[in-house]
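I would like the entire structure built from these sequences, with the hints used as guidance.
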Amino acid sequence: MDLRYTPAERAFRAEVRQWLSDHVPAEPFPDFDSSVEGFEAHRQWERTLHAGGWGMVTWPVEYGGRGLDLIRWLIFEEEYYRAGAPLRVNQNGIFLLGPTLIDYGTPEQKARFLPAMAAGDEIWAQAWSEPSAGSDLAGVRSTLGRDGDTYVLSGHKIWSSRAVHADWAFGLFREPGSERHKGLSLVFFPLDAAGVTVQPIARLDGKPVFAELFLDEVRVPVANRLGEEGQGWSVCMSTAGFERGLMLRSPARFQVAAAKLVELYRGRADSVEPEIRARVLQAWMDADAYALSIYATASRLMAGGTIGPETSTNKIFWSELDLDLHKTALAILGAEAELTGAAPDASVDIGDWLDGYIFSLAGPIYAGANEIQRNIIAERMLGMPR
Amino acid sequence: MDFRLSDEQQMLAEMVGQMLAETCTGADLRRLLDGGEPRDAARWEQIVALGLPGTMAPETAGGSGLGAVEMALIATACGYAALPEPLVEHAGVAVPLLAAAGIDLGPALSGSTVAVGHPVNPFVADADTADALLLADRDAVHLVPREQVTLVHQPSIDPFRRLFRVEWAASPQTRIGVGALWQETLDRGALSAAAQLLGLAQRSVDLSVAYASDRQQFGKPIGSFQAVKHHLANAQVKIEFARPVILAAAAMPPSPLARARISHAKLAATAAAETATHAAVQVHGAMGYSWEVDVHFLLKRSLALAQAWGTPAFHRARVAEHVLSAPLGADRTFDAGQIEEIHREAA
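Going down the list, the sequences are from chains A and B. All the letters of the first sequence, read from the start, carry residue numbers 1 to 386 under our numbering. All the letters of the second sequence, read from the start, carry residue numbers 1001 to 1347 under our numbering.
Because the hints were derived from the structure by calculation, they are not lab data. All residues carry an ideal CB built from backbone N, CA and C; glycine is no exception. Check each hint, because a few of them may be wrong.
Chain A residues, not near chain B, derived (Cβ > 10 Å throughout) [claimed, not checked]:
no., residue
1, Gly52
2, Glu79
3, Pro99
4, Gln109
5, Arg268
6, Ala296
7, Val348
8, Ile358
9, Asn375
Covered stretches of chain B, as calculated for chain A (at least 3 residues, CB under 8 Å) [stated by the list, open to error]:
no., stretch
10, 1002-1008
11, 1033-1041
12, 1137-1150
13, 1247-1254
14, 1310-1323
This is the structure in structure tokens:
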């Protein structure tokens, strides 16, 4: 164990910090869900990142990355959140599909999809859930028929984040007549293909952050399938491992939020009840524990280890800490907590706490509901009977 | 940056765990209680033969010269076994203090023990079996032979924790050092307690998993019910996020951040142990509330260690000292001064 950064790691941090301070926009963009302008501003930022070589530092150089290790990814993320850089509009692509493509894709698929993903030219959405297949994902009913070198996709996908404005989606489809985990394939389709209807869904605050997708005989080349035909479930679980376990929610996000919470508390410590102090400290400690745990996982993966059921402990931990952290912020804000950013009389330090709270409410649900994660921990980590 | 245990560290943890799994079973604990002896002489002999008392003692003094990480791994194994003998406080707290004060470690590495009367703890554990006691007279550290003190027994709910009020008089002959030693000692004691709490939390989960997989109700193992699974999954999540804090706190050189992290480790391990031991009682049902199964040994040790070496309020205040005054940020997980260093290197 050596918990010191090497000179090369520190130099890397300095390089990232410098580039970000030169390029991060001074004014925040409008959010990427509510308007095309906001979405396109974020896409432009992805292009800027890519031009600087910072799109996805862990990817191989030939696909637009830097071929760096996971410790450097963590350092990059720390600097990224420290700089207050824009949220990654292509997170479903770069964090979830990208690593799976690198593992399972053919050379042609990697060359076709990864550079455009890294460059922000193609923004991705995930099309897994269906009205009757949420936690029970193996219950998907959308089908793929085969017509020579073409798949014909039909069905109904839902809760597809960013699909309102995205360019492509990756979805899970089954051979007609197949059951459960068998006969599934992971297939890419353009969201503007003939037969795709995108219907925005409003989040509880009215923002169209996700969409329903209706597919009516959508024709895509068989070459758009990732992994073997019928092996979609295991490919999909590999994506889920990355999603829950490591890349989707880097620790820096919560460490920066915890630091902001401490700042909010310091300014109002005299006007809040004493128990708030313990909750503020807990938020900092939880963000810290999450960071330490991810450093341990990253170190293990770099030495050739694999990620296992700790993806489930991670997912529970970050989603609950995020929710607790934001609930604490609202408790500190008191009667001002309900004010949106549009309220003329809101104090300046109100910031984005309400938005963050609404976002954090979804954490225990998406990427596999926390109840399912608890089952996975009990059965696969602890070996309890099914 | 490499946050992994070395092969040697893992082997050490496995070796100690294996030895205790063989010599410190629930039946062994009960036999010890029935016999009325404070410690199991054969087990202690084995512990000494393995050189464990000298884990943190310098090699020049006959020790292993290992660090806080190795000690934390050993303490975790001791917590897992609910070990009655005072190996953790002796090897992890007393021996480093004696070494720092320049005391001959011969007896302390060959079987006799030294009890620690740190001012943060109202009573001294295992003082009756110790050859000598480390005691505080204001900020001075004294090493006092047991014959020179009077011990007043204070029964603890943990039958293996023998606590004493110590009556003694300071003299220049017993004085071995001054206050700074107590501060480091507190950190070592808190970290050792945290590591033991982590171990006993994991044991509580493991016992419960075994019981829930075996015990049948409604025609199936109770461990197949989600309500039971989720109790233990919640405990395991707390364990997973206490462990790296303990290891990081042990591996870091002294700094205000390291001190806050030791307190964080103690708080996180306490919460994990509380969740795990209470889940264990609940999952075992009425058996969990009985003398017959081993769960109560863990519950009682957890109750005691949660308050020893600094109460939760004490440690929360130490975390607050850092969090509410130091600059915070995602870049400061390991080394608050790193950016300044880069600039110095560049200049």
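Okay, the hints, checked on the actual structure:
1. Gly52: Holds, since 19 Å exceeds 10 Å.
2. Glu79: Label violated. Min Cβ-Cβ 7 Å, cutoff 10 Å.
3. Pro99: holds, 21 Å
4. Gln109: With a cut-off of 10 Å, Gln109 (chain A) remains clear of chain B, as the shortest Cβ separation is near 33 Å.
5. Arg268: holds, 13 Å
6. Ala296: violated, 4 Å
7. Val348: holds, 20 Å
8. Ile358: holds, 23 Å
9. Asn375: violated, 6 Å
10. 1002-1008: holds (count 5)
11. 1033-1041: Coverage by chain A is violated here, the residue count being 0 at a Cβ distance below 8 Å.
12. 1137-1150: violated (count 0)
13. 1247-1254: holds (count 4)
14. 1310-1323: holds (count 4)
Violation of the numbered hints given earlier is confined to hints 2, 6, 9, 11 and 12; the remaining hints are satisfied by the structure.
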